[in-house]
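Q: Sequence:
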Amino acid sequence: MTRIGLLTTYPPQVCGIANFSATLRDALPARAAGAVVALEEPDGADPGTAEWPPEVCGVLRPESPASCIAAARILNREDVALVQHEFGIYGGPSGVDALRVVDLLTVPAIVVIHTVLDDPADHARAVLNRVCRKAAAVVVMSQDARARLSAGYDVPDERIHLIPHGVAPALVGLRRAHDPPAAENAAPTLLTWGLLRPAKGIRWAIAALPLLRGRAADARYVVAGRTHPRLIDEHGDTYRRRLAAHADRLGVAHRVSFDDRFLSPDELRLRLQRASCVVLPYESADQATSGVLAEAIAAGVPVVATAFPHATELLTAGRGTVVPHRDPTALADAVTALLSEESAPLPASCETPQDLSWPAVAARYHRLATDVLTTHAASQDTP
0 MTRIGLLTTY
10 PPQVCGIANF
20 SATLRDALPA
30 RAAGAVVALE
40 EPDGADPGTA
50 EWPPEVCGVL
60 RPESPASCIA
70 AARILNREDV
80 ALVQHEFGIY
90 GGPSGVDALR
100 VVDLLTVPAI
110 VVIHTVLDDP
120 ADHARAVLNR
130 VCRKAAAVVV
140 MSQDARARLS
150 AGYDVPDERI
160 HLIPHGVAPA
170 LVGLRRAHDP
180 PAAENAAPTL
190 LTWGLLRPAK
200 GIRWAIAALP
210 LLRGRAADAR
220 YVVAGRTHPR
230 LIDEHGDTYR
240 RRLAAHADRL
250 GVAHRVSFDD
260 RFLSPDELRL
270 RLQRASCVVL
280 PYESADQATS
290 GVLAEAIAAG
300 VPVVATAFPH
310 ATELLTAGRG
320 TVVPHRDPTA
330 LADAVTALLS
340 EESAPLPASC
350 ETPQDLSWPA
360 VAARYHRLAT
370 DVLTTHAASQ
380 DTP
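Residue numbers in the sequence shown follow numbering that gives the first Met the number 0, run continuously in steps of one, and reach 382 at the last position.
If you're looking for bench data, these hints aren't it; they were derived computationally from the structure.
All the pointers check out, no bait thrown in.
Here are the in silico distance ranges between beta carbons for each label pair: (1) 272 - 324: 26 to 34 Å; (2) 240 - 362: 39 to 47 Å; (3) 378 - 284: 34 to 42 Å; (4) 151 - 250: 43 to 51 Å; (5) 336 - 54: 43 to 51 Å; (6) 378 - 324: 44 to 52 Å.
Note that the Cβ used here is the ideal one computed from N, Cα and C, for glycine as well.
Let the hints inform the model, and build the full structure from the sequences given.
A: Following this line, the structure appears as structure tokens:
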């Protein structure tokens, strides 16, 4: 059984990659789940080693050569190192600490790239190129990310592997198995969830509410999720208060509700069962992967999203609608059209929805790890 060590942000840190890594590790066979080296964020926001779960065997501290050596030593005890990469989570210029650790690895590395920027700063591109050059395999989660990586970075196509973002098995086909109860006079519910920060574009969805028409005119908008910890550390929860004030100015405060918790799997399942539509008004044009989008599609809930790459790729075959960025009128028109029929049609599910479940995704990571380990062992035996 190939054992996989992880270099990543990790719970109790609150971020998408931390949740991704913990869920992926839990879905691996027990004997394949190796040690975790957790990243202390560059701003020093660290829950403290006393709070780390037992699988966290080390912490990579920003711009600490000794920490890089210790991290590599832990990962080298496993068969393969799975390195999560996102701009901004590693210390040093352009996150060069990731390269410092990968350079010290003697086991093969698989690098999972969560964001592929079209036009990064030259030094950031150079660092990511060098990280990928040292990797035995590079994983992306969308065709767009694969195309961007192939065209804009120094990564051979044969080294790039596409493994989709996983979703909880309980969400796959949720709305077909547990359609929400019909209520003729109930107002539709729009849903956005995830860590709140300005790039989520929530203000554009709030601005769309007064523009909704027909059956959608009285729609409620639920914004679920904590404000991003970095925003809280720097400014308190002023961002959420600004959103509430924005809704009040537009006269729709009574139709907007904030649930300021990090949703548990059961809570998310309940929210998705009740939602008429998921709204993802993201501002970034570079978001190659969205776990929220994958979960909404797998659950069978219609989506209206701005034209970030993952949305333009996945929202086909009746799964939802893509609209321009920062355009509340387009958002309102899309939601109105979606909810205008007496019973809005459920979107077509993915061709093979079970392939998106975390056990299936984890199995693909384990197969890839076994393949790169076999290739690595063969290269070591070659005279």
